[in-house]
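Chains as they are written, first to last, in the working numbering: chain G, 413 to 662; chain S, 27 to 154.
The set of hints was computed from the structure by calculation and includes no laboratory data.
Some hints here could point you the wrong way.
[As the list claims (entries may be wrong)] Listed below are several chain S residues computed to face chain G (Cβ distance under 7 angstroms; list not exhaustive):
#1 N52
#2 D63
#3 P65
#4 Y66
#5 E67
#6 R120
#7 E143
[As the list claims (entries may be wrong)] On the chain G side, residues computed to face chain S include the following (Cβ under 7 angstroms):
#8 Q462
#9 S539
#10 P540
#11 E553
#12 L620
#13 F622
#14 G625
#15 S643
#16 R644
[Claimed, not checked] A few chain S positions that, by computed beta-carbon distances, are all more than 10 angstroms from chain G:
#17 D35
#18 A36
#19 G49
#20 E93
#21 V121
#22 E135
Backbone N, C-alpha and C fix where the C-beta goes; we use that ideal spot for every residue, glycine too.
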Amino acid sequence: MSVAAAGRRHADLLAAYHEQGDPAARDALVENLMPLVRSLAARYAGRGEQLEDLVQVGAIGLIKAIDRFDTDRGVELTTYAVPTIVGEIRRHFRDKAWAVHVPRRLKELNVRLSRLLDELTTDLGRSPTITELATAADVEEEDVIDALESSQAYTARPLSTPVDGEGGGDLLDTLGDEERGYEDVDDGSLVEAGLAALDERERRIVELRFFDGLTQSQIAAEIGISQMHVSRLLRRALETMRGTLEEPSA
Amino acid sequence: MSTNVPAIDAIAVTVPAERRFLGVVNLVLGGLCTRLDFPYEQVDDLQLAVDSVLAPGRPHGADVTLEAEADEGRLRLLLGPLAPGTADQPGLQRVLGPLVGASRAVEREGAEWIAIEVARPSAGAQAG
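Work the whole structure out from these sequences, hints included.
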């Protein structure tokens, strides 16, 4: 089947699924695009994860792409699906990395600090200082700094580089300057692809922090998670948006 | 990696422009912010801002340098050298604005750097 014919076939199936609610159309799309998922998953094989596991993770990304695809955007499904699939695979690696790379001592201290941070923020009516956190945790200030940095390290994957090489910017650079202006920028599909690579919660947190100007503690209260979790999700989201379209490094 | 401490209030750290060394920069930054008694939330925002400025592809050359000057509750940072045009990237500005407020491009020896200045919030401003 030619690329054009495949595109038309996908458009027909998307219309049947989104407009008529035909689940068989979605199944057909998934089946049709699984070779793409396998191809993308294969690029990440050999990094400690089984290929079949990565294919399954990628398939989740594909289903998300199909479900979220807006047929009025005028872009190909594959244009939209690739970064979503890659984003899902990247997220899988990030989630796995926590348990593997962070020493138990720092991980346990980080859990305590996360709880203390929220308690102190409530008690003091402001964000506590590192010294106050150290006192509350009965550890040295250096231990607090070390634990906080370690907790962030697992989101800093070496998989990410900008979209088009040195100095070329990244997906965030396609965001407009106006409030929620990303629908209006010239290459809306790129922005959409970057945001689409995020899950619902990450996307919401990015909007609250960088478009609505809420602080981490305000977002934590809004979403109902810890402030430290907000911090980690923000880093993960920015990393995903920066790297979602680039090829994986060797 | 080389660390130069010319005075008690000024620190310069130069590391290879690789992702795995940015943790060192953030540790130094965390230590400075602790000395200045910055609140955790501000420290975290500042570290995320530095992460964003020094994200892969933005440094220009083999090394990146963080220069920091602390002065009565204020911290002035200079990061670079960076690829030309980095400071003007709308996406980076979009991130830096909410995190650290204003930032500006600085030219030094023909290269682009980004300057950031933050102040410890007053007790009144932090409350609530």
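Structure-based check of all given hints:
Of the supplied interface hints, the one on S/N52 holds, with its beta-carbon coming within about 5 angstroms of a beta-carbon of chain G, less than 7 angstroms. With a cut of 7 angstroms, the hint placing S/D63 at the interface with chain G holds, because the nearest CB-to-CB distance is about 5 angstroms. Proximity of S/P65 to chain G holds as hinted, the smallest CB-CB distance being about 4 angstroms (cut-off 7 angstroms). Against a cut-off of 7 angstroms between C-beta atoms, the interface hint on S/Y66 holds, since the closest Cβ of chain G lies about 5 angstroms away.
With 7 angstroms as the threshold, the beta carbon of S/E67 comes within range of chain G, its nearest partner Cβ sitting at about 4 angstroms, so the hint holds. The interface hint given for S/R120 is met, as the beta carbon of that residue sits about 5 angstroms from the closest beta carbon of chain G, less than 7 angstroms. Hint on S/E143 is violated. Least Cβ distance to chain G is approximately 19 angstroms, over the 7 angstroms limit. Of the supplied interface hints, the one on G/Q462 is violated, with its beta-carbon coming no nearer than about 26 angstroms to a beta-carbon of chain S, more than 7 angstroms.
Hint status for G/S539 relative to chain S: holds, with the closest Cβ pair at about 4 angstroms, below 7 angstroms. Because the beta carbon of G/P540 sits about 6 angstroms from the nearest beta carbon in chain S, less than 7 angstroms, this interface hint is met. A least Cβ separation of about 5 angstroms between G/E553 and chain S falls short of the 7 angstroms threshold, and the interface hint therefore holds. Contact between G/L620 and chain S, as hinted, is not supported at the beta carbon level, the nearest pair being about 10 angstroms apart and thus beyond 7 angstroms.
At a threshold of 7 angstroms, the smallest CB-CB gap from G/F622 to chain S is about 6 angstroms, leaving the interface hint in force. Nearest Cβ of chain S to the Cβ of G/G625: about 5 angstroms, under the 7 angstroms cut. The hint holds. The criterion of a C-beta within 7 angstroms of any C-beta in chain S is met by G/S643, whose closest approach is roughly 5 angstroms, and the hint holds. This hint is violated: G/R644 has a C-beta 10 angstroms from the nearest C-beta of chain S, more than the 7 angstroms allowed.
Against the 10 angstroms criterion, S/D35 stays outside the reach of chain G, whose nearest CB is about 18 angstroms from its own CB. No Cβ of chain G comes within 10 angstroms of the Cβ of S/A36; the nearest lies about 19 angstroms off, and the non-interface call holds. The beta carbon of S/G49 sits about 6 angstroms from the closest Cβ of chain G, which is not more than 10 angstroms, so the claim that it is off the interface is violated. Taking the minimum C-beta to C-beta distance to chain G, about 20 angstroms, the non-interface status of S/E93 holds against the 10 angstroms cut.
At the 10 angstroms boundary, the C-beta of S/V121 falls inside the reach of chain G, the nearest C-beta of that chain being 6 angstroms off. Listed as outside the interface, S/E135 is consistent with that label: its C-beta sits roughly 18 angstroms from the nearest C-beta of chain G, beyond the 10 angstroms cut-off.
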